[in-house]
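Quick one: dock chain against chain with the hints and give me the complex.
The chain contents come next:
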Amino acid sequence: GQQLNQSPQSMFIQEGEDVSMNCTSSSIFNTWLWYKQDPGEGPVLLIALYKAGELTSNGRLTAQFGITRKDSFLNISASIPSDVGIYFCAGANNNDMRFGAGTRLTVKP
Amino acid sequence: GAVVSQHPSWVICKSGTSVKIECRSLDFQATTMFWYRQFPKQSLMLMATSNEGSKATYEQGVEKDKFLINHASLTLSTLTVTSAHPEDSSFYICSAPGHWNEPQHFGDGTRLSIL
Numbered sequence: 082g083q084q085l086n087q088s089p090q091s092m093f094i095q096e097g098e099d100v101s102m103n104c105t106s107s108s109i110f111n112t113w114l115w116y117k118q119d120p121g122e123g124p125v126l127l128i129a130l131y132k133a134g135e136l137t138s139n140g141r142l143t144a145q146f147g148i149t150r151k152d153s154f155l156n157i158s159a160s161i162p163s164d165v166g167i168y169f170c171a172g173a174n175n176n177d178m179r180f181g182a183g184t185r186l187t188v189k190p
Numbered sequence: 006g007a008v009v010s011q012h013p014s015w016v017i018c019k020s021g022t023s024v025k026i027e028c029r030s031l032d033f034q035a036t037t038m039f040w041y042r043q044f045p046k047q048s049l050m051l052m053a054t055s056n057e058g059s060k061a062t063y064e065q066g067v068e069k070d071k072f073l074i075n076h077a078s079l080t081l082s083t084l085t086v087t088s089a090h091p092e093d094s095s096f097y098i099c100s101a102p103g104h105w106n107e108p109q110h111f112g113d114g115t116r117l118s119i120l
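Chain order of the listed sequences is P and F. Numbered per my numbering, the first sequence spans residues 82 to 190. Numbered per my numbering, the second sequence spans residues 6 to 120.
The following block holds chain F by itself, in its conformation from the complex (with noise of 0.2 angstroms):
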């Protein structure tokens, strides 16, 4: 099946220095990808909706200029988290729909530890 694989797994970084996370779609080609995060033992929250060739979409309360996202080729989107702060301590995951339409596959997510 489809896999989605997302870059790295783990940072921990001080404040103040700008964090790229990478998602890749393996086998099969995704103009549309997907942010989430994810706060201890809560669900998982839509941040915003990558979109190959074109601006990303945000959900109303996320920061564009703070969550940078970049969707250069049709197996890649990159979000960049800008001059993190403690606060932006979370797990991102990205998901990417599978071939003929189906559902959403996730990448493993990345852990983010601002100190």
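Chain P with its partners taken away, still in its complex shape (with noise of 0.2 angstroms):
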């Protein structure tokens, strides 16, 4: 199926740092989708955007969907060490949803 262009692949960063990472796609999506996955679980969804260009909020994340419908991006502030994991964007039509390769995040104490 179809995949996301997320990127950076990995990030390796200091406790305190802010982190910034993105999703773009060649298709429009109606709902963009931001989860972690933590070694041997299942993806936990971190924040939902259901609209062109909401900015939307939980705790240190901020993500946004784009305006064109075809990217979203994830800021996490402040980092702490156990916001390490993989972070997927994904991108929904309904039920059809597709996920980013993942970005891999270190944060060292």
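Just so you know, not all the hints are guaranteed correct.
[Claimed, not checked] A short, non-exhaustive set of chain P residues, derived as facing chain F with CB atoms under 10 angstroms:
(1) Y116
(2) L126
(3) S163
(4) G166
(5) I167
(6) F180
The set of hints was computed from the structure by calculation and includes no laboratory data. Computed from a predicted model, the values in this text were never measured in an experiment. Every residue gets a Cβ at the ideal spot worked out from N, C-alpha and C, and that includes glycine.
This is the structure we're talking about:
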């Protein structure tokens, strides 16, 4: 199935730094989602975006649904060690959901 | 919020064995569930859409006779990997849309290792 282009692939940052990752697609999606996956577990929903241009926050996380409906970004502010994991973006049209390749985040204390 | 339970979480078995994985929606009904496969350090790839009361819809390249899906009730879908071989070893994850068109909620996944 069609995949999204997610970048960066991995990030190594110091605790307290801010993080930014993004996803682009050649197709339009009605919904953009950001998930976090810890090793050996299923993805957990962080933020869901439903409208073009929407900017939504969840604690230290902020995500935006691009105006063109073909992209989204996720920012994490003041990172902490427990932010470590793999972050996936997903674009969805109804229940048809496609994932980015993931961004592997490492946070050094 | 909606919870999806997946069982077992880990399976190790010999080549040629058939393995059944269960996916349950715990506090909501799911007429549709999704099965994904994830290889190490890769993204989730949709294998099939499980439909309660009708046949599953498989993604291109996924063998329906190899990966049997049964959605027998509104809260249970099963994926059976038939005559599993080492190349079938992977992390299998199910998901279901939650209440009122909430985004998909994922199970904790099943790690399948075929020796």
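Against the structure shown, which of the earlier numbered hints fail to hold, in ascending order?
-> Numbers 3, 4 - these are the hints that the structure violates, sorted from lowest upward.
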